[in-house]
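J.: Sequences listed follow chains A and B, in order. Per numbering that gives the first Met the number 0, the very first residue in the first sequence carries number 0; after that it's consecutive. Per numbering that gives the first Met the number 0, the very first residue in the second sequence carries number 0; after that it's consecutive.
Keep in mind that the hints were calculated from the coordinates and are not lab data. By construction, the Cβ of each residue, glycine as well, lies at the ideal position given by its N, Cα and C atoms. Treat the hints with caution; some may be incorrect.
[What the hints assert, rightly or not] Each computed DSSO-like pair below joins lysine-lysine, with the alpha-carbon atoms no more than 30 Å apart:
no.: 1; chain 1: B; residue 1: 323; chain 2: A; residue 2: 131
no.: 2; chain 1: A; residue 1: 125; chain 2: B; residue 2: 323
no.: 3; chain 1: A; residue 1: 92; chain 2: B; residue 2: 307
no.: 4; chain 1: A; residue 1: 92; chain 2: B; residue 2: 323
no.: 5; chain 1: A; residue 1: 81; chain 2: B; residue 2: 323
[Unchecked claim] One-sided excerpt, in silico: chain B residues whose CB lies under 10 Å from chain A:
no.: 6; residue: 323
no.: 7; residue: 324
no.: 8; residue: 330
no.: 9; residue: 335
[To be verified] The calculated label-pair distances, taken between Cβ atoms and stated as ranges, are:
no.: 10; chain 1: A; residue 1: 89; chain 2: B; residue 2: 307; range: 22 to 32 Å
no.: 11; chain 1: A; residue 1: 30; chain 2: B; residue 2: 204; range: 37 to 47 Å
no.: 12; chain 1: A; residue 1: 89; chain 2: B; residue 2: 54; range: 53 to 63 Å
no.: 13; chain 1: A; residue 1: 30; chain 2: B; residue 2: 323; range: 20 to 30 Å
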Amino acid sequence: MNESAVPDAPAASSQEVDTCFARFIDVQKSYDGVELVVKGFNLDIQRGEFVTLLGPSGSGKTTCLMMMAGFETPTHGDILLKDQPINGLPPHKRGIGMVFQNYALFPHMTVAENLAFPLEVRHLSKSEIARKVDRALGMVRLEGFGSRRPAQLSGGQQQRVALARALVFEPDLVLMDEPLGALDKNLREEMQYEIKRIHASLGVTMIYVTHDQTEALTMSDRIAVFNDGVVQQLASPQTLYESPENAFVASFIGENNRLMGEVVEHLGKRCEVVLDSGERVVAKPVAAGGIGSRTTLSLRPERVVLLEADDGDGERFDNCFTGTVQEVIYLGDHLRTRLALCGNDEFIIKTPNAEGHPPLRPGQSVTVGWTWQDCRALDA
Amino acid sequence: MSHSSSEPLTTADGVPLKVSLRRAVRRSKLKALLLVSPLLAFLVIAFVMPIFDMLWRSVDNPEVSTHLSRTVEALKGWDGESLPEELAFAALVEDLREGQEERNLGLLSSRLNYEKSGMRSAISRTARRAADLEPPFRESLVEAHRAWGELDTWRLIQREARPYTPSYYLAAVDRQVSPEGEIVKVPAHLEIHVALFWRTFWMSAVITGLTLLLGYPIAYLLATLPLRRSNLLMILVLLPFWTSLLVRTTTWIAILQSQGVLNDMMVAIGMIADEARWQMIHNKVGTIVAMTHILLPFMILPLYSVMKTIPPSYMRAARSLGGKPLLSFRRVYFPLTIPGIAAGGILVFILAIGYYITPALVGGQSGRFITNYIAYHMQTSLNWGLAAAIASILLFVVIVFYLIFNRLIGVDKVKLG
Ligand SMILES: Nc1ncnc2c1ncn2[C@@H]1O[C@H](COP(=O)(O)OP(=O)(O)OP(=O)(O)O)[C@@H](O)[C@H]1O
Ligand SMILES: [Mg+2]
Chain A
0 MNESAVPDAP AASSQEVDTC FARFIDVQKS YDGVELVVKG FNLDIQRGEF VTLLGPSGSG
60 KTTCLMMMAG FETPTHGDIL LKDQPINGLP PHKRGIGMVF QNYALFPHMT VAENLAFPLE
120 VRHLSKSEIA RKVDRALGMV RLEGFGSRRP AQLSGGQQQR VALARALVFE PDLVLMDEPL
180 GALDKNLREE MQYEIKRIHA SLGVTMIYVT HDQTEALTMS DRIAVFNDGV VQQLASPQTL
240 YESPENAFVA SFIGENNRLM GEVVEHLGKR CEVVLDSGER VVAKPVAAGG IGSRTTLSLR
300 PERVVLLEAD DGDGERFDNC FTGTVQEVIY LGDHLRTRLA LCGNDEFIIK TPNAEGHPPL
360 RPGQSVTVGW TWQDCRALDA
Chain B
0 MSHSSSEPLT TADGVPLKVS LRRAVRRSKL KALLLVSPLL AFLVIAFVMP IFDMLWRSVD
60 NPEVSTHLSR TVEALKGWDG ESLPEELAFA ALVEDLREGQ EERNLGLLSS RLNYEKSGMR
120 SAISRTARRA ADLEPPFRES LVEAHRAWGE LDTWRLIQRE ARPYTPSYYL AAVDRQVSPE
180 GEIVKVPAHL EIHVALFWRT FWMSAVITGL TLLLGYPIAY LLATLPLRRS NLLMILVLLP
240 FWTSLLVRTT TWIAILQSQG VLNDMMVAIG MIADEARWQM IHNKVGTIVA MTHILLPFMI
300 LPLYSVMKTI PPSYMRAARS LGGKPLLSFR RVYFPLTIPG IAAGGILVFI LAIGYYITPA
360 LVGGQSGRFI TNYIAYHMQT SLNWGLAAAI ASILLFVVIV FYLIFNRLIG VDKVKLG
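Could you put the whole structure together from the sequences, leaning on the hints where they help?
T.: See the structure below:
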């Protein structure tokens, strides 16, 4: 079901390729007039897309969402919804559904009354309200919970009600601010799936905020990685993981070995870097400067291959180095080994827990190799 | 291995666990009791005992039975249809003689005078001559004062011989027992308490309403402003507590009196004529204004404590769901503040109906509260029984309000500050 649903969303958006559904144009925000919390934020969101704002705490994600919802005004720039600037539009006229981190269910109303609220303020008829509330409860699989108070629900159920309430009035755009932050791991995964399912079946556009990278990778069509009020990279999960454009994205998404050095030569698509510890490494220049500039080499642990000493295929790799095993961590399906290599004590490699991989012991000397394509030279 | 549940648990030396536990906690319980005992003693002496004393005084009726004990004895079995036998008259003379010698008829005469006017002079005049009266006493007594020839007088003595009386409570609500033994209204010119009770209640309700109206927005600001500014506002709210009540009340006199600041200003800007200055003090307006000001913090603090717990995301959620600001407020924010409104309301109302000093200072004749009559009966008319009865009625009203509040809202939901 999930598989069939995911291709749907891009298909829907590809029909209206050029009409942006929601758009941030050069948006800036400052709360105190001293410091910019959001600096030059640009984002185009297609209809039906699931876009995630991902970033560390305090990077301005909530602020961007609040500006979209109308609770904060940008100090500079425009926010467009269906090509209309909405800067001056009060929140209740925007028709945007919102799920808050603490759910913000009205404690003095029952679940059904909570869901009926957005319909009542739109003056729908009683029967229609009842019908829509029932359907929304069905959608989040909470039939029969209508007469309960929010306090009588579990965290996951409250979360579903909050989701249903944000969707019941059929908004085109739904904003979610870390909606799963308060749930435990199992429930989180279940709700991630649920949200994806609803997104696919309703075709609504969603802007989702999280600081959990796994959540972002599994759910999103595109992810905007935030840091310090600036979008570091906006791309699909796969691109983001495999081709991070700068050192921040590389380290924020997934695990990542970092080697610091200086560019000494450009050879067509490759470049050569001399590490601070003296080794020469061939890498792929992504965001590195000219000759002589500092660079961070980024290397995914799973792309580093452990070479047997007598094994002749060291030739396959542009980079081969020998290091010392510091620590081996048993993780069931794979072993995570920490090496001291190229002046980095925290160099991680992952080896599958399978036949033909002799166990490593701390203190042992090993040789590893990687191709130049997997080693990305980023900004310092 | 595992102890069976029916067998009582014992400690290692065989003492039942419960006994040894009780022994172990006894010391700490004793210590705790010792620590609170000063407070406990204080509460009993300063709070519990006075209240019981007040309740006791409001029904206590010792005067007739102690000072006219022989008369009361002689009236036993009297049917009350015609004047009693000579025996009773003789007993009365005996009682009055003794009372006159011991000079303790004052309380008796005022007690009987509450019930039947003229009794004070009847008793004092007769008592003075009691030693010289000759039998038959029936004739000589009636000759000494005509009140002794009236059936009502004797019925009154018989009735008030009982150790408890409802008459203070009846007086507190402008009722009395007629000579025929029925409960009737006092004459119109003496009716005063019921009107005062009502005035106290409705003015307290108005004051409560005004404090709510003024306090609600302030509490909202307190709960929503950034910390630094809300702290400043909180200091302003609490400032009145640091000023003497008397100072605050007299300040209102300076502002509101006819030669006061407010009138001067209105005259200066031509709003009112110099001859037609408004009378805003020593009447209801003065009481309401001054008490609203003084009681305002008691409304703001409970409201604030409730509002502080309402996360701003509720209002945001309501707005994002399409609620216009006013509607969102009415449907979402306001209902969540009702416990605060109820707590503040009950607090201010209870404080208001028991307020004394401010109505006394700025209330004049028309802005006075029932409490001012309690003081009057205690200090001037010295009718402590009546004062106690009025106070007990107030206490009762407060308890009723409190119970209603507890039923509707629940006291445990309320915290102050
Ligand atoms: N109302 C406000 N007044 C002043 N500063 C604020 C306000 N709200 C947020 N900030 C500041 O703006 C910055 C960005 O905050 P924001 O809430 O957008 O971060 P976030 O990315 O959502 O973080 P988190 O993941 O912790 O929720 C922070 O430094 C924060 O201190
Ligand atoms: Mg946030």
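J.: Work down the list of hints and note, for each, if the structure agrees.
T.: Against the structure, the hints:
1. B/323 to A/131: holds (21 Å)
2. A/125 to B/323: At roughly 20 Å apart (the allowed maximum being 30 Å), residue 323 of chain B and residue 125 of chain A satisfy the hint.
3. A/92 to B/307: Cα-Cα ~28 Å, so holds.
4. A/92 to B/323: holds (8 Å)
5. A/81 to B/323: Given that 30 Å is the threshold and the Cα spacing comes to 22 Å, the pair holds.
6. 323: holds (6 Å)
7. 324: It holds, given that the least Cβ distance between residue 324 of chain B and chain A is near 7 Å, below 10 Å.
8. 330: Where the cut-off is 10 Å and the nearest Cβ of chain A is about 7 Å from residue 330 of chain B, the hint holds.
9. 335: Since the shortest Cβ distance to chain A is 6 Å, the answer is holds.
10. A/89 to B/307: 22 to 32 Å: Given range 22 to 32 Å: holds, Cβ gap about 26 Å.
11. A/30 to B/204: 37 to 47 Å: holds (44 Å)
12. A/89 to B/54: 53 to 63 Å: The hinted range 53 to 63 Å holds for residue 89 of chain A and residue 54 of chain B, with Cβ atoms some 59 Å apart.
13. A/30 to B/323: 20 to 30 Å: holds (26 Å)
No hint from the list above goes unmet by this structure.
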